[in-house]
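Read off the chains here:
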Amino acid sequence: MPAPDTNPDVSALAAAPGVEEWYLDLQTEGARGEAAAAHLHGLLLRAARFEVFRRRGSLSELSAVELDELAQDAAADAAVSVLRRLGDFRGESSFRTWAYKFALLEAAVKVRRRAWRDREVTLEPEHWETLAHAGPGPDDDTEYGELLEAVRDGIRTALTPRQRQVLVAAVLEGVPIDVLAERLDSNRNALYKLLHDARRRLRAHVADAGFPEVNE
Amino acid sequence: MTGRDLDPTLKRLLGSGEPEIGCDECFAQLDRYVELELAGAPADELVPGLRAHLVGCPACAEEHESLRALLELDSVS
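Respectively, the protein sequence lines represent chains U and G.
Numbering (my numbering) for the first sequence: -8 to 207.
Numbering (my numbering) for the second sequence: 2 to 78.
Don't take each hint at face value.
To be verified - Covered stretches of chain U (in silico footprint by chain G; criterion: 3 or more residues with CB under 8 Å from a CB of chain G, positions within the stretch not fixed): (1) 28 to 42; (2) 75 to 86; (3) 159 to 173; (4) 183 to 195.
What the hints assert, rightly or not - Coverage of chain G stretches by chain U, computed from C-beta distances (three or more under 8 Å per stretch; other residues unrestricted): (5) 17 to 24; (6) 29 to 35; (7) 57 to 71.
Rather than coming from a laboratory, the hints here were simulated on the basis of the structure.
C-beta atoms are modelled at their ideal positions from N, C-alpha and C, and glycine is treated no differently.
Construct the entire structure; sequences and hints are all you get.
Listed below in structure tokens is the structure:
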């Protein structure tokens, strides 16, 4: 079902199957509104703790208390986002699921950035030369070597400096996109678009070099 | 050598070339998509481009896995 063009009003949402009563209370004043906000915070904290626990392996230097503080911060930031964007909820999922994703996002971003906080992000384009050591391909080595050279040449000549920087850092260096966004003063959506455009240019270059199958 | 036979590093460099949505649209649709998946509905048909995005974007893929896992946990607790 396509999304409606305008935000539905509360009375229309009340009839949607995924809408819990407490979601409607979030938009009211007084004790009911406060109870709904407390319920929301509990759900967000549960989701944030769930995410931090899943990703704790990348934060082995943090104590249990510090990990919980990270989850608390994520839940608080998620609550602000949820309340600011209540009008975006269209009842296409349960409100609980809709709210969860904000806490998971905030927690995941905080974990990634914390894990990379003291790590240098190398934005040296020359690092794509490491592609030469990616190992033999599944076919014969000559064909694979030619493909690698076409890719290296594409990275060298078909991309803008910024595209090269982001593609190499994100794919070859394994830098999380949220960490890159922070270091480059950008955001995930903008950097992914840049990455997407870089991949499209690279595929076109490699296809023109005699490997049209990369577009299959 | 076909696109499907490429090694993982080259696949990540080149991407799939399939039509895909961006990170913001993925976030907007993620709750609906995961609930459709868990209900056994054809999520990829109903939310086109999201699966291809998850293949190309490790961050959104992690959050998709987490939301799915959290809802699965809710369903048994």
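Going through the hints against the structure:
no.: 1; hint: 28 to 42; in the structure: holds (count 3)
no.: 2; hint: 75 to 86; in the structure: holds (count 4)
no.: 3; hint: 159 to 173; in the structure: holds (count 5)
no.: 4; hint: 183 to 195; in the structure: holds (count 8)
no.: 5; hint: 17 to 24; in the structure: holds (count 4)
no.: 6; hint: 29 to 35; in the structure: holds (count 5)
no.: 7; hint: 57 to 71; in the structure: holds (count 10)
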